[in-house]
Amino acid sequence: MEPNSSPKPIDWNQVNAIIEEHRTRKWSLIPMLQAVQEAIGYIPPEAIEPIADALNMAPAEVQGVVTFYAGFSLKPKGKCVLKVCRGTACHVKGSRSILRHVKNELQLEEGETSPDYQFSLETVACLGACFLAPTMMVNRDYYGKLNPAKVTSVLGQYRKNREDD
Amino acid sequence: MESIVLTINGQKVTCPAGVSLLTAADQHGIKIPTLCYHPDLKPHGACRMCLVEDEATGRLMASCVTPAAAMSVLTHTPRILNHRRNIVRLMMAEHPESCIVCNKGNRCELRKIAASLGVGENGLYPMPNPIPYEQLNPFIIRDLSKCILCGKCIRADHDLVVTGAIDYNHRGFKSRPATLYEKPLEDSICTFCGTCVSICPTGALSAKNTRYAGTPERETDSICGFCGAGCSLTIGVSGRTVVDVNPSRRKVSVNGATLCMRGHFAGDFLNTPDRLTRPLVRNPGPSAPETHAPVEWDEAISLVATRLSEVRRAHGSKSLAFIGSSKCSNEENYLFQKIGREIIGTPHVMSGGWEFGQRLLARIDEETLGAGRVSPLSDLENAEVIVVVQADPENSVPVAGYHVKRAVQKGSRLIVVDAVRTDLARRAALWIAPGLSGASGILNALAGQLVAGKHFHQGFVDQLCAGFDQFKDSYACLGPNQADGLNGMSSASVNAAADLIYGKKTAFVMPANLLDFPDGSQTLNAILNLCFLTGGMGPKNSGLHVLVPENNLAGALDMGAAPDMLPGRIKIHDAGKKGMDWEALVAAMETGQIKAAYIMGENLLRSLPQRERVAAALQKLEFLVVQDIVRNRTSEMAHVILPGASVYEKHGSFTNMEGRIQTFAPAVPPPGQARPDWEILGLIVRAMGYPEQYQSIEKIRQEIRHTVPMYQGLGNHYQEWVRNAEAGNPFVCGGARFSFLPASDLAQMPVDPAYPILAHICPVRYHLGGGTRTSRSERICAYGKQGEIELAPETIRSLGGDGAGSVRVISRFGSIERAYKENRNLSEGHVLIPMAVNRNDAINLAGLTKSDDLNATGWTISRVRIERI
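Protein chains in written order, with the numbering used here: chain B, 1 to 165; chain H, 1 to 869.
Treat the hints loosely; a few may be bogus.
[To be verified] Here are the simulated PhoX-like cross-link-like pairs (lysine-lysine), alpha carbons at most 20 Å apart as the crow flies:
| # | chain 1 | residue 1 | chain 2 | residue 2 |
| --- | --- | --- | --- | --- |
| 1 | H | Lys-174 | B | Lys-75 |
| 2 | B | Lys-79 | B | Lys-160 |
| 3 | H | Lys-183 | B | Lys-75 |
What the hints contain is simulated information worked out from the structure, not anything from laboratory work.
Please work from the sequences and hints to get the whole structure.
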């Protein structure tokens, strides 16, 4: 696996198209940020000023909104974002060791992204799927009733495939 | 108004509907502690210090955000006090233990509240928030470990100053006010107005004070001595030194809780070693090591009186000139022109502000028949449309800029006509860059559009104006859309502006140097015509706001420190009694027609164009008196130098750009033997043997009240307004009418092929005027802004340059060399040259005169060509 030290280049045409689409009123800030994050994977810090300009807001205000919500990120994320649940039910069912196992497998700490931008590791307070505890999410898919072997096999599915590049 | 009866602490009180419980309590003298509340800001409810208890339900509510209703509340029960104590304990647990060395000292609101609640030791596990201390910029120290997240700085930044440099970043324990990308303030859009510093309840934000640490010993209210806004200040004094400046807490003021960089930080000039502290007389021989030697006051005054009388006897009274100052008080300018006109008997009275706005104010006063002298800035927030013509208040009069931006935030529509896309233009509903026919072309096309569509205020025009038919005919050629494509004008933008203005209360903002533009006079005519057409003028507000660059420019004019105006704006029509304009004055000094001059508070060799010529002219004088506060190039040429006092060291009154007369009292004594300027003038009056004696400021005020009807209220109260004229005022006298002014056609302004670019010698927000005072502030000079010339990208390309380099700017009068930078907001054919920096060399590009020919420009606008070096 070749480490790739830079994230996917930002498609500024796409960002500008999103900004143009939302250039209306102040209340479209969050939908706009969501759309940018969806398209690019994160909010590029350089996009804050054009977004603020389009909505007639102060750039510092837009930054405040982005940093307030955990759902928005100013840093590029990996292709697969892992969210390991650390809620009460999962904790009781051993999510601490699941997290430790994930960390070992990916060689990542919480909040970190792998150098090849394949994985990002996050923890969340509850995924709302306590009946599947312990659980985690990879992008939009849930994986429940985890054990170390299952984690390894799930992560295997998402490992970078050379033929993809 | 509907009122509400409620019970607070068992006391029945009445308050207007809609106010908060906190306000209702405050109105009845019940003090509830607050940290995040400020009367000028929208209530926020963040600190919970103002908790009160509903007697019926026991519910605890933050009183600043709870509307008063028919209820019974308690404000100081043991339960509430316990909650307040706990909140303060939690804040203290996060607060660093640095109170002993904190500059906020006894002014810290957190400390005051903690003390009043008896919270000494918080008894909690300390959790200080170790955030690095930021103090690289020369003005503001940010120690965010002391921040209590009250949000006052952020709200002041967003709602009062409307800059938007900071906002909360992150959340929870990590949350702190931050700039974009958490850069240091100097790399952000922060303007260093210092409003946040004054409003911060703790030591998180403090002014970087080079001279003193701690709480000032005493505080005195005063008026800012820089621009024409006339902000109300509180001067903090320790010993005999001004150590701190903040906006005053007076209920009514032009600035409220805001200030700008100059007002807040540029007071350093007071303590400069260049201050004049003793009367000085020029040494006779050139061999003396010092040019001037100190003398006693008596000797200096009698020397001035004798020499002035001698010159008058030998060469006649018309051989003396008196140059007053738009930085000196009303009383001083009144007495000064009286010495000139009455005691000496010369018509040659001038003021340093004549070319910097007084000429414009005089023209407006004439055309509005004395009915437009009052124009409160607070009324901008009631204007539905604000038209800003070629003005950048952010740099000239920042507090007026805050008013415009606040109005826009509250829903006023803004139209900006300017070759520069200023910060205001970015907030505007419509920005129109004037084409080749100048701003007058756009405004005339706009008037034509309003007339053609009958979209003007019929009532105002019918009742108060004359000459409409003739005016209408002059637009006959200007049918709808006639302006399209002409000289780069687009009918789309003119139509859009007409649509915005139609039926709306409209205010106009213009710069003091409007007449300096090649088409300045036509632009003024067009603005006045639009003002009449829109009916924006009222008896209590002219709707015409001139961004006056100096504190008492209007007052000096009112007091007759002008060549063709007597006190009370009485125009002199008799040519024999009129004084000379600047060019004639300098020429008369050159030819020896003027033999002696008395200059009060003006550094002509920094603020006037063609300064080598002016210096040579002053050199020829037989006798020159300079009365000033700092040593400067002009004072070096004087035979006698009289040390005056700055605004914070004397009594007086200033009249600001709105027509607000504000009196002030000294905060500190003048340095050394320096004396208040009015006192010096009083001594001269006595020495000249005049029967009237002026030994107190009140005596001068009495005379002004008596002789100048528009200043009837002077000194009655710390704040008064000038009076509009009564005779001839259409709002007062039936039959009096405003006249429409002739409109110019939309012809292209002539261009000089040798000097094809229009240079705007523009003010910058960190200096004032020529910078005689502000350049003596080390921190303003250390701020690192070198006043780079700003060029449009097209201009840089045509010079074959790139992002950085130096250029030589050449006009008919002189040339300067400076570094340049790109300004993408500038239209082609224009260049911005900041004033005041580098000994104000930019003024060398201008000539002393502006003839009436359309092509000519005034002192702050010059036709130039640019070469790369």
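Checked hints:
no.: 1; hint: Lys-174(H) x Lys-75(B); in the structure: holds, 18 Å
no.: 2; hint: Lys-79(B) x Lys-160(B); in the structure: holds, 9 Å
no.: 3; hint: Lys-183(H) x Lys-75(B); in the structure: holds, 17 Å
The structure shown violates none of the earlier numbered hints.
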